[in-house]
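Please take these sequences and the hints and turn them into a complete structure.
Protein chains in written order, with the working numbering: chain A, 5 to 191; chain B, 309 to 743.
Incorrect hints may appear among the rest.
[Said to hold, decoys possible] Below 27 angstroms or equal to it, Euclidean Cα-Cα: the simulated DSSO-like pairs (lysine-lysine) are: (1) A:K48 <-> A:K9; (2) B:K402 <-> A:K11; (3) A:K9 <-> B:K402.
[What the hints assert, rightly or not] Here chain B is said to cover these stretches of chain A; the calculated rule only asks that three of the stretch's residues, wherever they fall, bring their Cβ under 8 angstroms from a Cβ of chain B: (4) 13 to 25; (5) 111 to 118.
Keep in mind the hints are simulated off the structure, nothing from the lab. Glycine residues also receive a C-beta, built at the ideal position from the N, C-alpha and C atoms.
Take a look at the letters that make up each chain.
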Amino acid sequence: MQTIKLKYLFTLFVLIALVQLFVPLQMILGQEDILDKGTAYKFKTEPVDPSDPFRGKYITLRYAINSVTTKDSTWLRQDDVYVYVKEDSLGFAEVDQVSKAPLAIDKDYVLAKVNWYNKNTKNLRFNLPFNRFYMEESKAKPAEDAHRKAQRDTLPNNTYALVYIKEGEAVLKDVIINEVSIADYVE
Amino acid sequence: MQSKLIKELPELVEKGVITRDIASKIEGYYASKQQDSPNRLFTIFGVLGSILIGLGIILIIAHNWDNFPKAIKTGFAFGPLIIGQLLVGFSILKQKSNTWKEASGVFLFFAVGASMAMVSQIYNIPGNFSSYMLTWMLLCAPLIYVLRSHALALLHLLFATIYACEYGYSYNGNTPWAYLLCIAILLPYYYNLLKRKLESNITSVFSWLFPISVIITLGAFITKFDELIFLSYIILFGLFYNIGKLPAFQNLRLRQNGYLVLGSLGTVVLLLTASFRWVWKDVLGISKTYISESSLVLVLFIATTVVVVRLIQKKRLEILNLFHYIYIIMSVLFFIGLANDIVPTIITNILLFVLGLNAIKIGVNKMHFGILNYGLLIIASLIFCRFLDTNMSFVIRGLLFVLIGVGFFITNYIMLRKQKTESRKQKTESNKTLK
Numbered sequence: 005m006q007t008i009k010l011k012y013l014f015t016l017f018v019l020i021a022l023v024q025l026f027v028p029l030q031m032i033l034g035q036e037d038i039l040d041k042g043t044a045y046k047f048k049t050e051p052v053d054p055s056d057p058f059r060g061k062y063i064t065l066r067y068a069i070n071s072v073t074t075k076d077s078t079w080l081r082q083d084d085v086y087v088y089v090k091e092d093s094l095g096f097a098e099v100d101q102v103s104k105a106p107l108a109i110d111k112d113y114v115l116a117k118v119n120w121y122n123k124n125t126k127n128l129r130f131n132l133p134f135n136r137f138y139m140e141e142s143k144a145k146p147a148e149d150a151h152r153k154a155q156r157d158t159l160p161n162n163t164y165a166l167v168y169i170k171e172g173e174a175v176l177k178d179v180i181i182n183e184v185s186i187a188d189y190v191e
Numbered sequence: 309m310q311s312k313l314i315k316e317l318p319e320l321v322e323k324g325v326i327t328r329d330i331a332s333k334i335e336g337y338y339a340s341k342q343q344d345s346p347n348r349l350f351t352i353f354g355v356l357g358s359i360l361i362g363l364g365i366i367l368i369i370a371h372n373w374d375n376f377p378k379a380i381k382t383g384f385a386f387g388p389l390i391i392g393q394l395l396v397g398f399s400i401l402k403q404k405s406n407t408w409k410e411a412s413g414v415f416l417f418f419a420v421g422a423s424m425a426m427v428s429q430i431y432n433i434p435g436n437f438s439s440y441m442l443t444w445m446l447l448c449a450p451l452i453y454v455l456r457s458h459a460l461a462l463l464h465l466l467f468a469t470i471y472a473c474e475y476g477y478s479y480n481g482n483t484p485w486a487y488l489l490c491i492a493i494l495l496p497y498y499y500n501l502l503k504r505k506l507e508s509n510i511t512s513v514f515s516w517l518f519p520i521s522v523i524i525t526l527g528a529f530i531t532k533f534d535e536l537i538f539l540s541y542i543i544l545f546g547l548f549y550n551i552g553k554l555p556a557f558q559n560l561r562l563r564q565n566g567y568l569v570l571g572s573l574g575t576v577v578l579l580l581t582a583s584f585r586w587v588w589k590d591v592l593g594i595s596k597t598y599i600s601e602s603s604l605v606l607v608l609f610i611a612t613t614v615v616v617v618r619l620i621q622k623k624r625l626e627i628l629n630l631f632h633y634i635y636i637i638m639s640v641l642f643f644i645g646l647a648n649d650i651v652p653t654i655i656t657n658i659l660l661f662v663l664g665l666n667a668i669k670i671g672v673n674k675m676h677f678g679i680l681n682y683g684l685l686i687i688a689s690l691i692f693c694r695f696l697d698t699n700m701s702f703v704i705r706g707l708l709f710v711l712i713g714v715g716f717f718i719t720n721y722i723m724l725r726k727q728k729t730e731s732r733k734q735k736t737e738s739n740k741t742l743k
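Right under this line is the structure:
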């Protein structure tokens, strides 16, 4: 009786352990798949530096594309919005169109959240989901400063986030200042 | 306490109060009881050690080592997790002591959090804090039952509370329904504790933390219909008070019965707030109703009534104890208060006064000075609030104070006379028996 109970308990635990392993593993596989097969886009951005108690220092990215003009005025806060993107002439991402449901067109999109719809200007503000870039704790603050400095120099459009997109899922791979990865740039 | 008794045993035996046999039995009983305690100390140290190591790993990982290649970082993510799982597996398979199970379980708990944090960092997954905590909690919840671990159950309760606050009280907050799921997961464990180890320390810890967690989070469920917050809390405190009076909690000391204490204190504090007229005048006034939040309050009301009915069935309801039905009276007052602000203010004041007197009476009957002083404190606070109440004219306040003071003298006088007649009766009776 005792051993049966033990066996049962242990099997149960093995199942739990497998689920515990599966969740982070599945996170990794999903992200790797996007990096592998997704399309890379450059999003112009601006980094600032906050912190998370369990996951450490990161920089929050404020994207240059954060709004679009649309006639549809029924948007509510925190609504899902499908943002379709394309490349502009300089190779940076720009908004193609937005929609409340996925469209049957062959363009990449990301699922963002509505921030605010201004009825007067017909302007829809949204938050792109990949706004967090984790950095070594000593580098997050210098990264913010470095960006500010880079913004003041004569080169235009020199800070961007490299984002891979596949079927609405996006992975933020790196943040680039003057064609150098931000982690190396601040060293 | 125990050692004092044991020290006095030889004297008791010498004086012939107890036999040598009984003395050795008493000694044996305490000796067997003490055997548990060093074990418990090991467990506590083990759990604290695991918590510290676990948090340490999380902090080290949070440094974000960006010099390491992705493969090594992934190793960091799974290393602690697999070590934790091996430790837990080992302590289940080898049927190790509770110390092992608690300590390894807590370590695994933090390892799960660390591994998810690490993966988030590698791929810059934005996932907000509350959903991260929820996934973490749910991944570890079954361990509470597999390991029968108190520490994991406490961590679960703590995390569920933080989750609900983070999700519900933040700017743009939503109703944290998942909190109810987390609590439901924990309920069988708590029920088991109540059934098997009612008087142990860990059960009273839960009997305090459980209601405290619900008190903290209830407000997060009422995000839009703000007017309901007062009503929902007064019903919640009524529920706790009545639960605290259930037969299961009957023999517990006051400090083991968090429900009773929190329910009673909460009710008094809320009533004191509502004894000001401006609360009814300014705060209460419904502009818009929300069905889901109203039904939540209705569910609370029904649950409390079920408990009260149960008390009636078990003949545990003290008919004169107003605390039992304050929630009904206040619910009625809430609706009256929407139209009129004077009636509910006056009734709330009377209710508080009666509650105070009630507590004093119970204190006197039971010769319990804690309860007696509690009653005095209620009345003193009520007086203090009214003295400061600028909404009433000085004349009315003055007259009220004089009237209440006279009332005190009269009740004291009646009680004294009663006591005298009773002691006279006792004297004559004892004289009779002596003769």
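Hint by hint, here is what the structure shows:
| no. | hint | result |
| --- | --- | --- |
| 1 | A:K48 <-> A:K9 | violated, 59 angstroms |
| 2 | B:K402 <-> A:K11 | holds, 11 angstroms |
| 3 | A:K9 <-> B:K402 | holds, 13 angstroms |
| 4 | 13 to 25 | holds (count 10) |
| 5 | 111 to 118 | violated (count 0) |
Of the numbered hints stated above, those contradicted by the structure are hints 1 and 5, listed in ascending order.
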